[in-house]
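As a plain string of letters, each chain reads:
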Amino acid sequence: MLDSYYFDNAATTKISSDALNSYIETSLNYPGNPSSKHTLGLEAKKELERARVGFSNILHTKPEQLFFTSGASEAISIVISSLLWLKRPGRVIFSAIEHEAVLSFAPILKEKGFDVVILKAKGGYVTPEELEGALTPETKLVAIQAVNNVVGTINDIKALVKVVRRKEEEFKRKIFFFSDSVQALGKIDLNLTDLDIDGASFSSHKIHGPRGIGLLYLKRGVIQALAKAGGQEKGVRGGTENLPAIVSFYTALKEFKPRSNILDLNLKLREIFINNNIKVLSPANNITGYVLTITTPLPSEVLTRMLSDEGFAVSSGSACSNNAKGKSENVILALGYTPQDAKGTIRISFSPESDEKIALELAQTIIKKVNEFK
Amino acid sequence: MKKLYLIKLGEISLKGQNRALFENRLRHNIKDKLRPYHSNVVKQKGRIFFYIDEECPDEVIDKALSTTFGIIAYAEAVVCEKNMEVIRSKAEYLLKKAGLSGKETFKVHARREDKGFALSSYDIACDLADLIHNIYPDMRVDLTNPDFVLNVEIRSEAYLYTSQKKGIGGLPAGTAGKGILLLSGGIDSPVAGFEMAKRGVNLDCLYFHAYPYTSDEALEKVKTLAKLISPYLGGTRLFVVPFTQQQLWIRDHAYEDETTLMFRACMMQVAERLCKQRGYNAIITGEALSQVASQTLPAMAFTDSMTEYLVLRPLVGMDKEEIITISKKIGTYETSILPFEDCCVIFSPKHPVTNPDKKLMTKHFEKLEMDKMLDQAVEETQIFAYNAKGEEIENN
Numbered sequence: 001m002l003d004s005y006y007f008d009n010a011a012t013t014k015i016s017s018d019a020l021n022s023y024i025e026t027s028l029n030y031p032g033n034p035s036s037k038h039t040l041g042l043e044a045k046k047e048l049e050r051a052r053v054g055f056s057n058i059l060h061t062k063p064e065q066l067f068f069t070s071g072a073s074e075a076i077s078i079v080i081s082s083l084l085w086l087k088r089p090g091r092v093i094f095s096a097i098e099h100e101a102v103l104s105f106a107p108i109l110k111e112k113g114f115d116v117v118i119l120k121a122k123g124g125y126v127t128p129e130e131l132e133g134a135l136t137p138e139t140k141l142v143a144i145q146a147v148n149n150v151v152g153t154i155n156d157i158k159a160l161v162k163v164v165r166r167k168e169e170e171f172k173r174k175i176f177f178f179s180d181s182v183q184a185l186g187k188i189d190l191n192l193t194d195l196d197i198d199g200a201s202f203s204s205h206k207i208h209g210p211r212g213i214g215l216l217y218l219k220r221g222v223i224q225a226l227a228k229a230g231g232q233e234k235g236v237r238g239g240t241e242n243l244p245a246i247v248s249f250y251t252a253l254k255e256f257k258p259r260s261n262i263l264d265l266n267l268k269l270r271e272i273f274i275n276n277n278i279k280v281l282s283p284a285n286n287i288t289g290y291v292l293t294i295t296t297p298l299p300s301e302v303l304t305r306m307l308s309d310e311g312f313a314v315s316s317g318s319a320c321s322n323n324a325k326g327k328s329e330n331v332i333l334a335l336g337y338t339p340q341d342a343k344g345t346i347r348i349s350f351s352p353e354s355d356e357k358i359a360l361e362l363a364q365t366i367i368k369k370v371n372e373f374k
Numbered sequence: 001m002k003k004l005y006l007i008k009l010g011e012i013s014l015k016g017q018n019r020a021l022f023e024n025r026l027r028h029n030i031k032d033k034l035r036p037y038h039s040n041v042v043k044q045k046g047r048i049f050f051y052i053d054e055e056c057p058d059e060v061i062d063k064a065l066s067t068t069f070g071i072i073a074y075a076e077a078v079v080c081e082k083n084m085e086v087i088r089s090k091a092e093y094l095l096k097k098a099g100l101s102g103k104e105t106f107k108v109h110a111r112r113e114d115k116g117f118a119l120s121s122y123d124i125a126c127d128l129a130d131l132i133h134n135i136y137p138d139m140r141v142d143l144t145n146p147d148f149v150l151n152v153e154i155r156s157e158a159y160l161y162t163s164q165k166k167g168i169g170g171l172p173a174g175t176a177g178k179g180i181l182l183l184s185g186g187i188d189s190p191v192a193g194f195e196m197a198k199r200g201v202n203l204d205c206l207y208f209h210a211y212p213y214t215s216d217e218a219l220e221k222v223k224t225l226a227k228l229i230s231p232y233l234g235g236t237r238l239f240v241v242p243f244t245q246q247q248l249w250i251r252d253h254a255y256e257d258e259t260t261l262m263f264r265a266c267m268m269q270v271a272e273r274l275c276k277q278r279g280y281n282a283i284i285t286g287e288a289l290s291q292v293a294s295q296t297l298p299a300m301a302f303t304d305s306m307t308e309y310l311v312l313r314p315l316v317g318m319d320k321e322e323i324i325t326i327s328k329k330i331g332t333y334e335t336s337i338l339p340f341e342d343c344c345v346i347f348s349p350k351h352p353v354t355n356p357d358k359k360l361m362t363k364h365f366e367k368l369e370m371d372k373m374l375d376q377a378v379e380e381t382q383i384f385a386y387n388a389k390g391e392e393i394e395n396n
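Chains A and B, in that order, are what the protein sequence lines are. For the record, in the first sequence the residue sitting at position 72 is 72 according to the numbering used here, with numbers rising by one throughout. For the record, in the second sequence the residue sitting at position 227 is 227 according to the numbering used here, with numbers rising by one throughout.
Heads up, simulated EDC-like pairs for lysine to aspartate or glutamate below, C-alpha to C-alpha not over 16 Å straight-line:
{"#": "1", "chain 1": "A", "residue 1": "Lys374", "chain 2": "B", "residue 2": "Glu256"}
{"#": "2", "chain 1": "A", "residue 1": "Lys120", "chain 2": "A", "residue 2": "Glu130"}
{"#": "3", "chain 1": "B", "residue 1": "Lys45", "chain 2": "B", "residue 2": "Glu157"}
{"#": "4", "chain 1": "A", "residue 1": "Lys374", "chain 2": "B", "residue 2": "Asp252"}
{"#": "5", "chain 1": "B", "residue 1": "Lys276", "chain 2": "B", "residue 2": "Asp371"}
{"#": "6", "chain 1": "B", "residue 1": "Lys63", "chain 2": "B", "residue 2": "Glu391"}
A partial selection of chain A residues facing chain B, derived with a Cβ cut-off under 7 Å:
{"#": "7", "residue": "Pro299"}
{"#": "8", "residue": "Val302"}
{"#": "9", "residue": "Arg305"}
{"#": "10", "residue": "Met306"}
Calculated directly from the structure, the hints in this document are not laboratory data. Just so we're clear, the structure is a prediction, and the values are computed from it rather than from any experiment. For each residue, glycine too, the CB sits at the ideal point set by N, CA and C.
Using the sequences plus the hints, can you model the full thing?
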């Protein structure tokens, strides 16, 4: 499969040559363990902190507010599982369209006595009113993603945080606002200090960085993680730091140039689909443009295989079965679409490098396959 | 040096004049699984004495014997001269090898096939019980539920063994003709294959692949299932018949509520073509009564009528739980429950017919005029082959 036919960039991206080179160079030049006290260790530690400062400049944070993890899932897990330390459980609020890494905690928290409230997020957005209605003095944590991974909608995090802060004053209690920002990184402006959130998670492999490395932002610079392990990253995330991956992630982020006309491409494809009677699930406004999700009468897995045979890679939302549910099927239902829509979901996701001509070819191929099927 | 296994035959020993046929088949089936290790077999009434190269690992022998139909039990044995002195020394050797604590209960089970031997089985048992008691004074006899059993059989020579393992019984695969098994990716059909192989049927498998409506993962799953049941079947072949055009044709031309029955009719007709081509005597399916819409009595009567060949449904009267228990026992369950469906949701009618009128259904099926399409499906069949060890091999 040619790179240019790859339209599953929201799932993962190919590592860029610069990021890969930086991985190799860091591996060769900084072989020491950052915790070691010899020269090689100290050099590695310095390089690690240099990368941390680099990230903090881009994300508008202090370096000590950033922690390296194995990925966003781990960053999320560190934050949410820390709730299990609480002596008295309280309320936890998730949006219905969170990533599984967040939602999978709902049954665990419920079992531990937490009152888990799931916000509807109709159309892909959580409204301040919806959030406000759910906040109580017992609320410990709110998790709302910055950009949705299934339809590409951008939540107004700043407005949502404001609601929480207002309520905090009213309740005289702190509420932790967490925002999974995996799909936002590099694609929308992120000033974490200005957003005033308490925590956020990021992943490297969605922006042409290496796999297995992610970032956790903590405003207060500390959290009592469930496991400290070797105490690295101030005990927030133990385990020897993956320095080559960290530096490579930083290289990828520095290099990641958002595509100025991504919305034009998105809207162009959208129009083509609509004109050909294919339902588009991604809204036209408040989106990053990097994701376009449609639904067709063909089961998504089937159309994905048909497109794969033509050389295209897209993401199928659901499984071709009555019994098995696809990963994003629940999210599509939560967005207010029908079960039938959820069965036929196809997510097209772009990278800044995506070729417009080939994207149009993809749209035509989808239309052809759907028409053949009817 | 060779290791010796004593193999007990169940139903085979009840056979009359054709017993040799069953024994020879069993011998062939066992040897087949243990290649390239050299082995030879000595048959004696109700037993097979199986000698195999010492290098052959115990677990390989275990896997072979525990998956071969026709064996009700087997044990690694020692052989010696029919002389009580020698027998005692062998018994002592086995006793030490068993690693007993000396507190167990025991039983000596003696069997004297050679009536010329001076001691009766009771005398032999008492003699060896004395020996055990002398070595381990605290061990007590328990005839009903002993911790340790010493078996002695006096035949052309004396055979001694301690731990006996259960076999799977049945009759050797290949002694009851050939059948074609409709193998889906589900729980039932591998069990149906197992049940028919148990009665000696030699089976090949048939799968209908509707790519891209079913995935290659679903095909891989069926290949794994064929591989997993292959040791019980004494080796098998998997025929993969392309079924996409046929399913689409039915979707577009049949009444929606009848589509499943039309698919089933096609499957029977494809199986029949293979029976004619390759000499199978029967078509075997994993259907259980009323499990799904196409498995009601009228639906099965209709699909039966689509072929002149005998259709066997060994699971027809079984509950799902019973089927699951067997599928776990034979090791197919974990593969069967993988979430790769063998039929795409778009081909499943919302309200399938459960009480079809055979005549009307036949008329509707004939109207679809699928003969040529089915011939073409058979022509395009892909074949995968598995040996009795469950390894994929070149299909010859």
